[in-house]
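K.L.:
Each chain, letter by letter, is given below.
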Amino acid sequence: GAGVSQSPSNKVTEKGKDVELRCDPISGHTALYWYRQRLGQGLEFLIYFQGNSAPDKSGLPSDRFSAERTGESVSTLTIQRTQQEDSAVYLCASSLTTGNYGYTFGSGTRLTVV
Amino acid sequence: KNQVEQSPQSLIILEGKNCTLQCNYTVSPFSNLRWYKQDTGRGPVSLTIMTFSENTKSNGRYTATLDADTKQSSLHITASQLSDSASYICVVSALGGANNLFFGTGTRLTVIP
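Quick mapping for you: the protein sequence lines, in order, are chains A and B.
Here the working numbering is used: position 76 in the first sequence is 76, and no number is missing along the way.
Here the working numbering is used: position 6 in the second sequence is 6, and no number is missing along the way.
Just chain B, with the same shape it has in the complex:
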């Protein structure tokens, strides 16, 4: 069964600190993995996208890693800012098919001053 699991479910950190969010998946055949940031009341916005052959991808203070062998991904946020407070959603695409996107339930990050 194609599933995407994220941890932790929620996280509170102090401004300026780093944090790492986890995503484990069982989606097969794997096509790519994306991390989205969803601010409250807004639609998800793409942060990174990685294919099978990519291990690391950065977008500013966001760095995503992918281990396609263990089917794990992480999103590392460096020097967190208050504006990083949002839900971070891991989305894994399978090859082929129409409904080939599988979503995690997200990690709710709160950055406090």
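The following block holds chain A by itself, in its conformation from the complex:
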């Protein structure tokens, strides 16, 4: 597609439920990043995918968080047993390579845990 697409745009869930967030990167982009942005705060790195290489999961805050990506296509970020502190905007970005140009962000998924 023309841009990075994320769905859903908004998600309200009850504490303890699992949620799955989706990111469709720009076609051909091999690198894909997930970030979390809490209200009024900066972007927090979560996980990075590059082609078929093992992902960099160093930013995942707990074992409740996991992400998958099949090849160079769609990625899903799963949060199990959601907690109120998981409430944030989850942003996905993609780029052509691990080079440092052309990162494009999606509009994010606003997650609210009640």
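Hints may be right or wrong, so weigh each one.
What the hints assert, rightly or not - DSS-like mimics (lysine-lysine), calculated; alpha carbons at most 30 Å apart, straight line:
1. B:Lys71 <-> B:Lys57
2. B:Lys1 <-> B:Lys57
3. B:Lys71 <-> B:Lys1
4. A:Lys57 <-> A:Lys15
5. B:Lys71 <-> A:Lys57
6. A:Lys57 <-> B:Lys1
Please keep in mind that the hints were generated in silico from the structure rather than gathered at the bench.
No experiment lies behind these values; they were computed from the predicted model shown.
Dock chain B against chain A, hints included.
P.N.:
What follows is chain B alone, placed relative to chain A:
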């Protein structure tokens, strides 16, 4: 430690006025620096990107400067418009590595009529 600091944290200006946002970084080895604009409820959108050898880059009413020696960058907005109200995020890339993007916490700009 790789860090990016932005100032001011927030700024309110009158429509039509100019303003300058600051970004200081300690990221090394430096690859490039980008300024993003993030409207409320939207993802960040790239405004400018500068490498080590570039001192100035413009994008319409936005002009970014980079001093790689002092590790400082600024984003100057000329003749501000109401639509400039947003958060402006400075992002510095380091050479190599997977998680090589370092984000500032942003400056929240509000332009009032």
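K.L.:
For every hint, state whether the structure bears it out.
P.N.:
Status of each hint after checking the structure:
Note on B:Lys71 and B:Lys57: the hinted pairing holds, with a Cα-Cα distance of about 16 Å set against a maximum of 30 Å. For the suggested pair B:Lys1 and B:Lys57, the alpha carbons sit about 27 Å apart, so the restraint of at most 30 Å is met. Proposed proximity of B:Lys71 and B:Lys1 is supported: the alpha carbons are some 14 Å apart, at most 30 Å. Restraint check for A:Lys57 and A:Lys15: satisfied, since their Cα atoms lie roughly 24 Å apart, inside the 30 Å limit.
With a C-alpha separation of about 29 Å, the suggested pair B:Lys71 and A:Lys57 falls inside the 30 Å cut-off, and the hint holds. Restraint check for A:Lys57 and B:Lys1: the C-alpha separation of about 20 Å stays at or below 30 Å, so the hint holds.
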